[in-house]
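Position chain B against the provided structure of chain A, taking the given hints into account.
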Amino acid sequence: MTTAAYSVEELMACVVSRELRDGELGFIGLGTGGRAFVMAVGIPTVAIRLAQLRGVDFIAQYGVKLEPLIEEAPACFTDADLLDWRCRAMIPVEDALDMFRRGMMDWGFVSGAQIDPYGNLNSVCIGEQKHPKVRLVGAIAQTDHCAHARHTMIILPHDRRAFVERVDFISGLGFGDGPGYRERFQHRGGGPGKVVTTLAVLGFNEKTRRMQVESLHPGVTRGEVERNTGFALAFPDPIPTTPTPTDEEVQLIRTRIDPKGLFLQAKVR
Amino acid sequence: MTLRDAVAQIKDGDTVAVGGHTLRRHPMAIIHEIIRQGRRNLKLMGWNSGIDMDMLIGAGCVASVETSYIGISAFGLALNFRRAAEGGSLKVIEHSETTGIDMFRATAMGMSFFPTKTPLGSDLMQANEHLAEVICPFTGERYAAVKAARPDVAILHAHTADQYGNVQLDLQRWHDNSVDAILAKAARTVLVTVEQIVSDEEVLRNALLTVLPRTFVTAVIEAPYGAHPTACDHRYDYDLEEVGKYYEASKSGDAFKGYLEERVLGPADHWAYLDAIGLERLMALTRQRVVR
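Going down the list, the sequences are from chains A and B. My numbering puts the first residue of the first sequence at 1, with every later residue one more than the last. My numbering puts the first residue of the second sequence at 1001, with every later residue one more than the last.
Read the hints as simulated data drawn from the structure, not as lab findings. Among the hints, a few may not be true.
Said to hold, decoys possible - The calculated label-pair distances, taken between Cβ atoms and stated as ranges, are:
1) A1272(B) with I59(A): 26 to 34 Å
2) D1275(B) with P92(A): 55 to 63 Å
3) P92(A) with Q1196(B): 18 to 26 Å
4) Q1196(B) with I91(A): 41 to 49 Å
5) S1064(B) with R161(A): 23 to 31 Å
6) K1245(B) with R21(A): 28 to 36 Å
7) D22(A) with A1008(B): 40 to 48 Å
Unchecked claim - Simulated crosslink set (DSS-like; lysine-lysine; CA at most 30 Å straight-line):
8) K130(A) with K1091(B)
9) K1185(B) with K133(A)
10) K130(A) with K1043(B)
Even for Gly, the Cβ is constructed at its ideal location relative to N, Cα and C.
So here's chain A without its partners, still in its complex pose (with noise of 0.2 Å):
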């Protein structure tokens, strides 16, 4: 058990390790700032070296670039520094994004700015694709991600904004409107595997596709969930808190992994 203080994104990135397993594949897709990349990047990036660090044998792989050596990331995301980063491989993008298609890929990491109860992901408007109020990036490879990796790990803040009752535009497909629709398409990805957010653990009903609360973090009440999320949750009874990281995981974490906070503080320029 653990005695020491941790943050948010430590306790994250221990949630998302616990579910990695031995011969796994799972791609992060790097080019976002900020938040945005703690999320996409940071927590999954730490998650998996946390594995590794156990013993678990995971392939990481950064887009183009497979097994960089996570403790030798730069301090600065430049193309000659990524180019520099030792890694095991770099492939061209096209066989990068293949290893979906052929449904190689175990985890896709994903974010958006908008889910729904079915784990269907925007990151394309809000308001009408013609005529958005707000437009956003596309869809990138979150479209890939969700069709074919064997489960997705969406990595979220939770925000009364983002955890909406539709979203506006499906641009990664989750379980669509409800039970069969995935199955109608013969996807060869399983959808949405797990939301981890700053608030709670969540999964997804198996008769009903949708999303339900399996775990609160420490501290964190029902009631905090509900004021943050735009549709009605499930929860269980009694309700189960999210395991903690242990001294050893933080230990690892601020010594080892991610000193410098590239990772989960976006401390990467």
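Positioned in the frame of chain A, the structure of chain B alone reads:
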């Protein structure tokens, strides 16, 4: 051929495929010249785009964009793109990264469409008229067909070429730009700026570095720092000071006009642009000077 003559081959209303990736090796010298020549109603195509498309949109050159992403990397949303899309004056044809590559891949492989399962069940199927559902005749499985793209022009920036147009990339290169060669193989006219035109002897000695044999290439133009302010692999970094200045200016239409006047319309050509940026700053961005 001069940059001016090369860009004169692009006509109003053309479909133009733009090379590069996020803030990487976009053909910015060509883009500046397109703006100087005042092209209108271009239909831009790419797979992962950024300041390249946002600048052309802000300069009023663009009728539609077809790509999976337009953003200014860590700075945030692309604001000219955002204003035009929210104002309803810009048509956006939505892709995922893979379908954005597939449309060029199909043409490069001599096919009229590319089969993929990626967009099925997502709203991309409705927001992209170049996607349609098909059934595999062998397995009965549902697929999306991505319509082959045949851009009028592809514009790219690369490291070196010989006088015949054999285009080369250094071995130390970021592999997200591997798509550049695919979109060139899909286009009717292919315009490539390079950091340096090298001798026949250099290409003959390093044929493995040729990514586009001259048969695919219409014109090569020497334009050192032709990707500035985006990065050029290990040769030079992106210029965050310049991108920051751009991003600030792009917050309003009027401020952006000022930016274009100062950086694009004011300087007569690429050399004058480089003078405006200044040798000291270009040298500070340079990571590895390569002269062959």
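task: Hint says 23 to 31 Å; check whether the CB-CB distance for S1064(B) and R161(A) agrees.
output: Roughly 29 Å apart at Cβ, these two residues keep to the hinted range, so it holds.
A1008(B) and D22(A) - C-beta distance against the hinted 40 to 48 Å: Between D22(A) and A1008(B), where Cβ atoms are some 59 Å apart, the hint is violated.
query: Does the hinted range 55 to 63 Å hold for D1275(B) and P92(A) at CB?
result: violated (36 Å)
message: Please check whether P92(A) and Q1196(B) have a Cβ separation lying inside 18 to 26 Å.
response: Holds, at about 24 Å.
Given pair status - K133(A), K1185(B), alpha carbons within 30 Å: violated (37 Å)
task: Confirm or reject the claim that K1245(B) and R21(A) have a C-beta distance inside 28 to 36 Å.
output: Given a distance of about 47 Å, which is not inside 28 to 36 Å, the answer is violated.
task: Return holds or violated for the Cβ distance of A1272(B) and I59(A) against the range 26 to 34 Å.
output: 49 Å Cβ-Cβ, so the 26 to 34 Å window is violated.
field: Distance restraint between K130(A) and K1043(B), which requires alpha-carbon spacing of 30 Å or less
entry: holds (16 Å)
message: Quick check on a hinted range of 41 to 49 Å for Q1196(B) and I91(A), using CB atoms only.
response: violated (27 Å)
query: Holds or violated: K130(A) with K1091(B), Cα cutoff 30 Å?
result: holds (7 Å)
Against the hints set out earlier in the document, violations occur for numbers 1, 2, 4, 6, 7 and 9.
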